[in-house]
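2 protein chains.
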Amino acid sequence: MIPRPVARYLPILKWGVEYTREALTNDLVAAAIVTIMLIPQSLAYALLAGLPPEAGIYASIVPIILYAVFGTSSSLAVGPVAVVSLMTAAAIGDVAQSGTAGYATAALTLAMLSGGFLLLLGVFRLGFLANFLSHPVIAGFITASGLIIAASQLKHILGIPAEGHNLFELLRSLALHITELNPITLIIGAAATAFLFWVRKGLKPLLIAAGLNRRLADVAAKAGPVLAVAVTTLIVGGLRLDAQGVDIVGTVPQGLPPFTMPDFSSDLLLKLIGPAILISIIGFVESISVAQTLAAKKRQRIDPDQELIGLGAANVGAAFTGGYPVTGGFARSVVNFDAGAETPAAGAFTAVGLAIAAMALTPLIYYLPTATLAATIIVAVLSLVDLGILKRAWDYSKADFAAVSATILVTLGFGVELGVTTGVALSVLIHLFKTSRPHMAVVGRVPGTEHYRNVLRHNVITDPHILTVRVDESLYFANARYLEDRLYDMVAQRDDLRHVILMCPAVNEIDMSALESLEAINERLAALGVQFHLSEVKGPVMDRLESTHFLEHLTGEVFLSQHQAMRELSEHGAEARPAEALSNQHA
Amino acid sequence: MIPRPVARYLPILKWGVEYTREALTNDLVAAAIVTIMLIPQSLAYALLAGLPPEAGIYASIVPIILYAVFGTSSSLAVGPVAVVSLMTAAAIGDVAQSGTAGYATAALTLAMLSGGFLLLLGVFRLGFLANFLSHPVIAGFITASGLIIAASQLKHILGIPAEGHNLFELLRSLALHITELNPITLIIGAAATAFLFWVRKGLKPLLIAAGLNRRLADVAAKAGPVLAVAVTTLIVGGLRLDAQGVDIVGTVPQGLPPFTMPDFSSDLLLKLIGPAILISIIGFVESISVAQTLAAKKRQRIDPDQELIGLGAANVGAAFTGGYPVTGGFARSVVNFDAGAETPAAGAFTAVGLAIAAMALTPLIYYLPTATLAATIIVAVLSLVDLGILKRAWDYSKADFAAVSATILVTLGFGVELGVTTGVALSVLIHLFKTSRPHMAVVGRVPGTEHYRNVLRHNVITDPHILTVRVDESLYFANARYLEDRLYDMVAQRDDLRHVILMCPAVNEIDMSALESLEAINERLAALGVQFHLSEVKGPVMDRLESTHFLEHLTGEVFLSQHQAMRELSEHGAEARPAEALSNQHA
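Residue numbers (the UniProt record's numbering), protein chains in the order written: chain E, 1 to 587; chain R, 1 to 587.
Honestly, the hints are just simulated from the structure, not real lab data.
It should be emphasised that the depicted structure is a prediction, and the values quoted were computed from it without experimental measurement.
This list has only true hints and no planted wrong ones.
Copies of the same chain look alike in the list, so a pair counts if it works inside one copy or between any two.
Below, in silico cross-link-like pairs of lysine to any residue (SDA-like), each with a Cα-Cα straight-line distance of 25 Å or less:
hint, residue 1, residue 2
1, Lys298, His465
2, Lys434, Asp395
3, Lys204, Ala230
4, Lys538, Leu429
5, Lys538, Ser436
6, Lys14, Asp338
7, Lys434, Glu516
8, Lys434, Val123
9, Lys298, Arg494
10, Lys398, Glu546
11, Lys271, Val95
12, Lys14, Gln493
13, Lys297, Leu554
14, Lys297, Thr555
15, Lys298, Gln493
16, Lys298, Ala492
17, Lys434, Phe128
18, Lys271, Thr421
19, Lys271, Leu119
20, Lys297, Arg524
21, Lys298, Glu516
22, Lys14, Lys298
23, Lys538, Tyr396
24, Lys434, Thr422
25, Lys398, Leu551
26, Lys297, Arg494
27, Lys297, Ala492
28, Lys538, Asn459
29, Lys398, Leu432
30, Lys298, Leu528
Just chain E, same shape as in the assembly:
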């Protein structure tokens, strides 16, 4: 029997002991397919991060194995991904020059910090923090990142130098150098891009028409980039186009991932901790979304806190084996799932495949043009761009539209980090703003029922001595004074008022500020000779009110139901005025 805490932190002990021969076969097949897909992708994302191509391969070996030990998803494929690569480039570009040893070390340090932060979140079970990234912010951020990444790769397609961390810097830099473009590079890059787009859209139907089954056709189409890599490498190598100015990958060291050491100088750590936190959270959100989507299809469950530990371990692994920050990638995980991966072992086998590639295949890609890798990236990231989110958000709610459009614009204009930060801050502000002016309705009884509805929407019965106001929000500091103001306004418009009932079925909390306001309302209504009552107060809210002196000071009562409140108060009112006088305001 494995002790519980050990089993919790080592999910491998659970699925490992149940591992079957059939699962092994399925995992091996999936691993072979994912390996083929990952070789060009890893090289390409390393290029995007400004690192040597082998860093991408290294980042896909040990991290995958560590995730297989600590992670809970059977389908997630961990490694370099587009958005995190872009964020890595932005973060370490600020502290070192691309191509230097310091740059690669900064990437290791970033991976270590990110891994450490993820582990911390996991151990303290703080995975819910990722929930503060709202859907509009994530969608806006991914779309804008996709555009920036695509723009950043245009220089490889055009064969010109260009720099910049936001869309405008990149486009201006491209425009400045456009006269230097290399026509051969452009032909290779444009052809590869066109081919890869066609593979995505056109190859699958063709393969299906040719008799291949749908799933296999799907997987085969994913091997398109490998074909593009092979063909363009052969052409460039055969014609020695590198002598014509076509940029090639060149010598990639052969061998297993090296043991590397991050830089622990406090100066660098301080500079990178902010970006590391952001990369961790973004990476976690991307990873957990994919993992949960795929798990749902198999009716499996993902443990978000254990996922943090799996991803944290993967990043720490990347830091010590020549990699850079990694996370669970969308495209590769879907391929892994479609190819039939059954357990995290599939990931481990992928790592073995990539290790073999790192040892044996790197000389073969000497002539691989960077334009082909850029084409792979462009095609991959443009599929993430979803400008339709703007329209959908606009139609659904202007607040969500504000969040998504601000995130897109700030990300495009000022880079990834500021974009996400702005999006999150704006989402929180918008939420506070919305809840700071809650919907409040004067309600009356629907004739013949015990239901109480908005007098403006329904034909209801009210009592001229009684004002019932339903407030549709928890009462807390941001809306406490608004409640006071609105209530005083409503009371000021009525003469002959004897009772005010605050109907609270939607009040899930009353914080201390709101309690102060309720006390102020009670006091001020008392000065006007009006009793203040509450109705339909929820259990937990009532428990808390009972711990204070509020109920002693309350001039009125707390009624379990609104109907009971009206029955009792109208009867009292009836002493002065016959019950028949109940007026129907709308009749």
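Given chain E's structure and the hints, the job is docking chain R onto it.
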């Protein structure tokens, strides 16, 4: 007829034309009383701000008149107040040395920035922003400020130098210099402090016993500081104690407030804009709280946005007439109210009184010991200190306790600005955290009724094929994934499930992130062969859902009431299983 926009921005046009002889008498009496109280108070607060004493008088003349023109409260007395004086000292202490011309100019600049910011808020009707200062944050901040202010004045009572912007710096500085204490200063300071405390507690009952009416006794007790000022000035002047090392006010220039010019250098503006914003908001909150409390007693209304304009104008006025940031003060406004002020004209008459004092009386206070002024401040601010808020917050809610204690500790330890910022940020985070894990209850029907209640709290009837979950919170990005997770967990625990109903009577909003989650839930339940329904969805939420494709994809229905949902779905269920089989889980 006055045009509406003019009338809005110039409330004086409204009360001015209705001004009566009786109101004039009342306003004059109130003004005389407040003037007497304000002379020592203005000097003292200028001392607290590190400014020459006349700055306090100047800050009480033109600003009061401008507030009388633009403000809406008939009782508010505008001028220097303790907390704003402390914040002024902290803000300008960072950019200039106390006692230099640059220091006074920085104070003018701060007043101008603060006035400009308040005017902006007023014109754009952003007064509601002050609501984000929760009650615990304000209470904690005022208490901590009171302690810091009292500690900062101890040096004047002891006759030693001491510096510092937080409690610990101040206490350490006092301890370092304690050997230098001046015994005569200490005797004067301690005697004045004791006298002023006694005036607050003991004088009023004495006057009432002597036959004075209660209101007059109250007002007379407020003149205690004037008596202390007169007596100690006479003693120090008569015995020439200044030669014995007793610090005195010395020469105060005679005359009306000068025309002064703030510094418009962008460097200074940039340094002061942050503190100016904070001072504006804190000042506004203090002022509006007093104004609303007093207005409520007379059943009058305060317009918060016009108040911003009144206070903004007052601060701009202070900037150009040798003052420093001002706001509506608690103590003086209460005195003004008690003394019978009927319109803002009382403030204008106070300004005239102070102008006369500035022209004629300043030579009389040459020998006024600063220890007496310090005693005035200490007695005033200690009445603001309310450490009981800690206990009350602890009893009511741990979240509010966290906010109030963090605000107090950070203010004491790191100063006013960081204290308030921490308090606000923490309040927002706590609110988000609380709403990120909403209360969710499985509900069943209370036998013999149409009410549905928590199965854990009530003895209710449920159907084994139907799971009804009530969620007690608006659904938005911070809790959307939590909802998914909890719902999947609940579903996973049940076999034989055919329907899941999400009961939404407390859902006031569904944002785009939550909509995504509902779609994901719908899809995942469909994969399990379970229909997903909603019940008791509010009107505005339903309107919004209808603008999307969600309802088309929804496998189940949206029911107006939970009871209707159960009737329809149980009938469907009855085809497979007789209605008698409805099980009572608790029976």
